[in-house]
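Just need the whole structure built from these sequences, with the hints factored in.
The residues making up each chain are set out below.
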Amino acid sequence: MVAPNNLVYDRPEGFTETPTHYCPGCTHGVAHRLIAETLEEMNLIPRTIGVAPVGCAVFAYNYFDTDFVEAPHGRAPAMATGIKRVMPDRIVFTYQGDGDLASIGMGEIVHAAARGENITVIFINNANYGMTGGQMAPTTLPGMKTTSSPNGRDVETQGYPIRMAEMLSTLDGVGYCVRRSLHDPKNIRLAKRAIRMAFETQVRGLGFSLVELLSTCPTNWGMTPVAALKFVEEKMTPAFPLGDYKIGASVAQIKI
Amino acid sequence: MPKELWKGNEAIAEAAVRAGLEAYFGYPITPQTEILEYLSRRMPELGRAFVQAESELGAINMVYGAACTGVRVMSSSSSPGVSLMMEGLSYIAGTEIPAVLVNVMRGGPGLGNIAPSQADYNQAVHGGGHGDYPRIVLAPSSVQEAIDLMVLSFDLAEKYRMITMVILDGSVGQMMEPAEMPEMKPIVRKDFDWATNGAVNRERRILSSIYIDPPAEEVANFRLGKRWQEVQANEVRFKEYYLDDAEFVIVGFGTAGRVSLSAVRAARAEGIKVGLLRPITVSPFPYQIIDELAGRVNAFLVTEMNMGQMFDDVRLAVRGRVPVEFYGRTGGVVPFPDEVLGEIHRIAAGKLSVDADPRVSWQTRMASVITR
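Protein chains in written order, with our numbering: chain R, 1 to 256; chain H, 257 to 628.
Since the hints were derived computationally from the structure, they do not count as laboratory data. It is possible that some hints are incorrect.
[What the hints assert, rightly or not] Per the computed footprint, the stretches of chain H lying under chain R, defined by three or more beta-carbons under 8 angstroms from a beta-carbon of chain R, are:
#	segment
1	271 to 285
2	303 to 313
3	318 to 331
4	452 to 458
[Unchecked claim] So, partial list: chain H residues that the calculated Cβ filter (under 7 angstroms) puts toward chain R:
#	residue
5	347
6	463
7	464
Don't be surprised by glycine CBs; every beta carbon is placed ideally from N, CA and C.
Listed below in structure tokens is the structure:
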């Protein structure tokens with residue numbers, strides 16, 4: 001047993017004791033932990049209802065110690081809208097990947113943001129469909145090889161990546177919209193702070209909040225975990241610049 | 257409550273409000289738009305939730321989310337919109353939560369038109385969404401019945417944790433009739449032991465339609481099957497007209513049933529012993545009463561506003577013991593009582609169809625009518 005005064009790292013209360021099913025080196029686990037820590041720090045665990053996506057995080061409800069529902073592919077923002085509208089005092093968040101949010105669920109996410117739904121969206125951008133084995137996603141980089149762009153994404157026939165944080169930040173209903181990355185400890189700390197800000201935005205009723213997180217997918221990228229982190233830093237951050245895309249005037253006043 | 261003049265769609269909306277509707281999510285589509293418009297005024301004035309969604313996909317998934325919290329929630333649409341909702345319907349069914357969906361049916365397939373139709377019978381009763389799932393489907397034939405069935409739909413949905421659909425054709429949605437509204441029921445949030453409404457002072461809950469382990473999905477499907485047996489045993493509803501001494505029987509639901517009743521009354525005035533069975537629950541389907549009737553009448557005539565969909569269910573119940581004839585109008589055309597009376601005369605004269613499938617004979621007979 002570790003003496004309490006020596007304990008520096010433990011399972012946050014926002015987590016159940018279920019081990020995750022994520023691949024070694026995948027940053028889903030990091031993103032999950034940041035959310036769980038934030039809910040614990042803000043004393044939100046009993047009030048929170050999560051909405052899981054379809055994709056690698058389809059079993060997210062097994063890991064968070066809050067009420068959870070499981071949405072059809074892409075529809076999490078619509079389900080979250082339904083929950084929040086009838087239970088405005090609850091904290092409602094969705095956790096969605098890039099296929100879920102930026103492809104099949106584009107309609108739902110854009111309109112939830114435009115309506116200023118008072119929900120929080122954690123958006124995992126790992127540039128491919130992880131769950132189904134690494135197909136091209138709307139966020140796949142030009143030239144990037146996937147199982148459905150085997151010669152590399154050809155922008156002439158397969159189009160260009162979609163920058164969601166930038167797009168959504170143009171909508172007036174959005175209170176907080178930023179992009180962060182999970183590729184090193186410094187960026188993980190910045191991501192944690194952004195997740196906190198997103199939930200603070202919701203707690204105060206200041207509109208739609210979204211944190212896009214650049215993430216790794218070592219298995220489908222065919223890389224070691226370390227090489228995958230390097231890929232995020234060197235290839236993804238130029239295509240998906242980190243930054244604050246919208247911080248509403250009232251949100252900017254929040255002190256944490 | 258005194259009778260007032262109500263338009264079908266608005267009556268449905270107000271009846272739902274009085275039954276305790278806490279949230280409505282919808283999308284405009286003719287001929288059901290008045291439900292959305294009415295509730296866009298009514299729900300906010302009562303402090304209840306109303307969202308005009310970005311699409312029917314959005315609407316049904318908002319219903320799904322709100323239904324997970326255990327409140328009374330509904331959406332409404334018309335045929336093409338309901339097709340888009342089939343994804344959500346399957347998920348709601350698989351999650352075993354209550355929700356109500358109204359389909360004010362219009363002519364199809366495809367974009368079709370905005371005239372009254374019953375062409376979504378099979379979609380509502382036999383499937384539409386993927387997977388094995390039962391659903392309750394109610395089919396009103398008048399504004400009053402639509403009001404009564406809306407109230408019932410929420411009770412049934414909650415009792416059986418099941419999708420309840422109310423299907424009516426555009427004419428019931430659009431016409432005005434005197435009708436009596438129920439009293440306004442206060443909103444009482446029930447503390448269902450499955451609702452994901454925040455784990456305050458209790459263990460957390462999960463609502464999902466996933467059973468990644470096939471044997472577990474099989475268990476879930478058997479649970480749904482068992483519940484469906486209860487629905488079949490307890491919730492079959494139909495209305496009988498002149499059946500006691502009937503020598504043959506018309507089966508028709510909704511407006512087709514109502515038109516047929518006019519024809520039956522006219523035939524009775526001529527001394528023809530014909531009756532009418534009008535299913536009110538088309539799912540669960542009233543197989544038993546048709547089975548009983550098949551033992552004592554000479555023939556059936558199924559009337560529908562489609563190409564013959566409920567016809568298959570009637571034939572299943574009759575099991576070949578007596579002829580089952582068909583008469584329908586489709587594509588948004590509503591039959592006149594005279595047309596059904598003509599069919600009654602034909603059958604009373606013993607001129608029955610010769611084809612194995614009476615729908616073939618019907619199409620042949622219609623050749624002179626279907627012109628443009």
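The hints, checked one at a time:
{"no.": "1", "hint": "271 to 285", "verdict": "holds (count 3)"}
{"no.": "2", "hint": "303 to 313", "verdict": "holds (count 6)"}
{"no.": "3", "hint": "318 to 331", "verdict": "holds (count 10)"}
{"no.": "4", "hint": "452 to 458", "verdict": "holds (count 6)"}
{"no.": "5", "hint": "347", "verdict": "holds, 5 angstroms"}
{"no.": "6", "hint": "463", "verdict": "holds, 5 angstroms"}
{"no.": "7", "hint": "464", "verdict": "holds, 4 angstroms"}
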